[in-house]
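Asker: Here are the chains, one letter per residue:
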Amino acid sequence: MKAEEIAEPVQDGAVAIESPAAARGPLAMQAISLNKDFRLHRGEVLSAVRDVSFNLYRGAVVGLVGESGSGKSTVAKLLAGQERLTSGEVHLNGHPVALTDRRAFRQYKSEVQLVFQDPFSSLNPVHTVRYHLERPVKLHQNKRSKAELDPELTALMEQVRLTPASQFLAKFPHELSGGQRQRVSFARALAAQPSVLLADEPVSMLDVSIRLEMLNLLDDLRERFHLALLYITHDIASARYFSDEVLVMYAGQIVERGPAEELTQEPAHPYTQLLVASAPDPDNIGSILRSGGKRAARNVESAPRVTGACPFNPRCPFAQDRCRSEDPPLMRISSARAAACWRLDVAAPQLFHQSEGGVAHEGLGGPLV
Amino acid sequence: MRFIVRRLAFYAVAAWVALTINFFIPRLMPGNAVEDIMSKFPSLQPSAYKALEAMLGVGHPGSLWHQYVNYLYDVIHFNFGTDVTEYPAKVSALLAQTVPWTITLVGTATIIAFVIGTGLGILAGWRSGGWLDRVLPGLTFLQAVPYFFLALILIELLALRAKIFPLGQGYAGGDIPGWNWQFISSAVYHSLLPAFTLIITNVAGWMLTMRNVMITTTGEDYVLAAQAKGLPHKRVVLGYAARNAILPQLSGFANALGFVVSGAIVMEIVFSYPGVGLLLVNAVTSNDYPLMQAIFLVITFAVLFANLIVDVVYVLIDPRARARSA
Amino acid sequence: MAALMVDTGVTPPAEREREKRERFGWWRRLPPKAKVGALLLGFFVLIAIIGPTLAPYDPSYQNPNPSLSLNAPSAAHLLGTTQNGQDVLSQLLTGVRMTLELALFVGVVATVIAVIVGISAGFLGGMWDEVLSLLSNVFLVLPALPLLVVLLGYLPQKGETATILVLAFLGWPWGARVIRAQTLALRNRDFVAASRETGERGWHIIMFEIMPNEISLIAASFVGVVLYAIGASVALAFIGLADLNTWSLGTMLYWAQSDQALTLGAWWWFVPPGLLVALIGTGLVLLNFGIDELGNPRLRSGSGTIKVGGRWWGQTDPTPVLGHSQRRPSRVAAFLHSFSREALTERPTEVAGPLP
Chain A
382 MKAEEIAEPV QDGAVAIESP AAARGPLAMQ AISLNKDFRL HRGEVLSAVR DVSFNLYRGA
442 VVGLVGESGS GKSTVAKLLA GQERLTSGEV HLNGHPVALT DRRAFRQYKS EVQLVFQDPF
502 SSLNPVHTVR YHLERPVKLH QNKRSKAELD PELTALMEQV RLTPASQFLA KFPHELSGGQ
562 RQRVSFARAL AAQPSVLLAD EPVSMLDVSI RLEMLNLLDD LRERFHLALL YITHDIASAR
622 YFSDEVLVMY AGQIVERGPA EELTQEPAHP YTQLLVASAP DPDNIGSILR SGGKRAARNV
682 ESAPRVTGAC PFNPRCPFAQ DRCRSEDPPL MRISSARAAA CWRLDVAAPQ LFHQSEGGVA
742 HEGLGGPLV
Chain B
1288 MRFIVRRLAF YAVAAWVALT INFFIPRLMP GNAVEDIMSK FPSLQPSAYK ALEAMLGVGH
1348 PGSLWHQYVN YLYDVIHFNF GTDVTEYPAK VSALLAQTVP WTITLVGTAT IIAFVIGTGL
1408 GILAGWRSGG WLDRVLPGLT FLQAVPYFFL ALILIELLAL RAKIFPLGQG YAGGDIPGWN
1468 WQFISSAVYH SLLPAFTLII TNVAGWMLTM RNVMITTTGE DYVLAAQAKG LPHKRVVLGY
1528 AARNAILPQL SGFANALGFV VSGAIVMEIV FSYPGVGLLL VNAVTSNDYP LMQAIFLVIT
1588 FAVLFANLIV DVVYVLIDPR ARARSA
Chain C
53 MAALMVDTGV TPPAEREREK RERFGWWRRL PPKAKVGALL LGFFVLIAII GPTLAPYDPS
113 YQNPNPSLSL NAPSAAHLLG TTQNGQDVLS QLLTGVRMTL ELALFVGVVA TVIAVIVGIS
173 AGFLGGMWDE VLSLLSNVFL VLPALPLLVV LLGYLPQKGE TATILVLAFL GWPWGARVIR
233 AQTLALRNRD FVAASRETGE RGWHIIMFEI MPNEISLIAA SFVGVVLYAI GASVALAFIG
293 LADLNTWSLG TMLYWAQSDQ ALTLGAWWWF VPPGLLVALI GTGLVLLNFG IDELGNPRLR
353 SGSGTIKVGG RWWGQTDPTP VLGHSQRRPS RVAAFLHSFS REALTERPTE VAGPLP
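Line by line, the protein sequences are chains A, B and C. If you read the first sequence in the numbering used here, its first letter stands for residue 382, the second for the next number, and so on. If you read the second sequence in the numbering used here, its first letter stands for residue 1288, the second for the next number, and so on. If you read the third sequence in the numbering used here, its first letter stands for residue 53, the second for the next number, and so on.
Hints are computed from structural coordinates only; laboratory data are not their basis. Be careful, since some hints might not be right.
As the list claims (entries may be wrong) - Stretch-level coverage of chain C by chain B, calculated; a stretch enters the list once three of its residues show a Cβ under 8 Å from a Cβ in chain B:
id : region
1  : 106 to 114
2  : 166 to 178
3  : 183 to 190
4  : 210 to 218
5  : 288 to 302
Each residue gets a CB set at the ideal place from its N, CA and C atoms; glycine is no exception.
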């Protein structure tokens, strides 16, 4: 039996998979088969994002997990309108998005905001916090006069818990700590009153001790404003804590997706397994080692990306010939989970015990490579 | 090689811009230049007038494009026309007389100033906070003094009062130019004070820039590694820091070549030295347009050429550039 | 959600006191070089403003009395007289204004051009960048003085406006290159992308996000152009390519030279203008050093250099074994020391008395 018989290829992108996020609220944004190619100096083409599809629902958090270079930041920029799609579509509230002119872009920005990763460079050092917040309020909420602005600014500061507001509004970025600056970034994004918030590694550059606090703040904001949140991170543990659904990206493609808890408890794709095993978890120390499962090789020198093969195959302990010659599509494992791997039966055998009424798998795949 | 070719193309563009400026300026200037000249030099022949008119674009001698093409043609053939002040001498002959003087004196003085200044700069960057830092404000002042001012004062002191050096000119009045010892020794003697003034005013600048580059270079990690290896300080400074610092210093040298020429012009005026600069200024004051244009072109091309040479040297010295341009 | 509390806007007295000290603290924090430069320049600007009114005589007035020609400094003429019996001091006081005025105008025009070209090239990138950079580089490589000489040579009258334009025409490329480099670096910073996120237009980003971060660079570039303008205008005037009917430091030197001042021993005619030019130039250079050092911490003292055992050790040098104690420096030494690099980042010792 081939892998497709265990898991069906996902035909229609996001639609065929149930997302646990859908339970939270209405559909806010759809990413459909996003592709982004960059042309490099010597004529080479870098496929940063390949065929990425998912949905964002209001009030829900979707976690996008990947290492540096996986393309996750590019996805954020594509959704934010900062980069142009090579192909694919983005739908907002059911309508396809076409950023043809400045007005369309401005309106789009009133709905979709991106929060940057680096609190130290995302604020202009010569402007006060007040200026940073006034601009989006003026542009998106159309409030001009001081009487209208002040209460709004104070409200924003209170929402991100930077009080007393008047004191913080007068400060310059270099007078604030990293956490405070990131709060200002949140406030700035909120000032546009968006329905979708794209958070590109919002806590990665903060001290570990305050990360939890910041994530809780984000959660609070999500609930208060019913935001559709895309949480991009390299840390699968925080994605598990924070998200409803997790998508794992590798080399520009989504290699696994599913509900946060399930996916991290029983990862199907070898790359996800590597991520989970690498994440420090006091409950789980040594469990993978004890189970005797194979771990992926350490990061091999990245060979030039070959299309037509599974991108993870140089590092994969389960790789076979088929992996080197055919790129696996996302295949459905259950109603809410999918993974892109030819060797799912070997990589995550425990997931397929109950499928097809207990069909025997002898002769399948042969010995573990 | 590709780098050199690119630089060549760039200089070609710059040369073209200079040529075009040279072409258009006389045509844009207010007033009728030809009449001015005619009134000043009534002894010129009609053919000279015609040539001038053609050069200045007066009297509609054909379409602008036509004139432009003729102009370029002339330049390429070094045909700069006949001079006005020293009619009927040809401009190119005048140039041939004066260019060697300028090149020998200014070229030598500049190179000497560069070498000394760079050496002093290395010394200044040798140790952090050395004695040269104390001298810094004084050096700044020296740099800000206008060249001719310093030169005239030195002439006053050393030539007039102390009579160590001659007052000016390229050579003693009675000597006959030629390859004889009398002439050559006289020429050298007359070039000492001008060279000295040039060197003094330029050294400070080279020293300061070299010092700054040395500071940046000694902050690099590979210098720290060399120190950690236990290499003697002299070896670290010369073999590691200075060798790398020389590169940006060379670029600075290329950039400064234009100013070297400016200094040369002023120097020749002060010392009445028979070089290209003096010729240019005399041409300007007497409104000798053909000569002015020709000198400007020659000077510009010389500077571009010198820049090209520095580019070549840079490529030869910098192994990274060599690899890139291979 | 409206705020429940309204800020009264009254700052407590302690806050106000601190704020006042902060506002003037920037003067104290300037490097000593910049202070000296600023004071020098301030002095000359003052002279430029009130000089002509202070002048005891009309600088152009030629005294027909032959005994008053080429007089050494005396009570009546503090800086002596020229060949034509003109008062040198009056010429000097009038000349400073002319020279500075010209240089300032050139500075403004050239800097405006440099900012426009530099920021456009850096921000717009692509073809614009290539074209503008090529233009700047071409003008940078062409030798300045010959071109200035030729340009002015063709003009029948060499008036002030023409000189300003010609000097500015050649003075902008330097600044444009530097500003372009800075703009390129800033363009990729997150806060520029963030302001795009907010929905700002390109115009606004350039004027209010990028340019405010380049102020010190623009200031340094302006000072540099003024320096160049002074040097060039004086040199051109000395050659004779200026309006010789007006009094500037350069024309003074021209007349002094053509009337053989130095040969005739009339140093009072020749030395003061040149000296003033040098002093103005020094002031400008020092000011620029100061602005540079504020921006580039590397050029300040290798922070933490100390002198032990007769040698200077930097932070990256191996740790010296301390042999003997340091001696306290005398006041003169301390003053001279303030010119050196280390003084900038050393901990300031307690200073008694009023702050400067």
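Asker: Each hint: holds or not?
Answerer: Now the hints, each set against the structure:
1. Remark: the region 106 to 114 of chain C is not confirmed as covered by chain B, as 0 of its residues place a Cβ nearer than 8 Å to a Cβ of that chain, below the required three.
2. With 0 residues having a Cβ less than 8 Å from any Cβ of chain B, the region 166 to 178 of chain C misses the three-residue criterion, and the hint is violated.
3. Judged by the Cβ-Cβ criterion of 8 Å, the region 183 to 190 of chain C is covered by chain B as claimed, because 3 of its residues qualify and three suffice.
4. As drawn, the region 210 to 218 of chain C meets chain B at 0 residues by the rule of a beta-carbon pair under 8 Å; below three, the given contact is violated.
5. Chain B is given as covering the region 288 to 302 of chain C, and this holds because 4 residues of the stretch bring a CB closer than 8 Å to a CB of that chain, at least three being needed.
Going through the hint list in order, the structure does not satisfy hints 1, 2 and 4.
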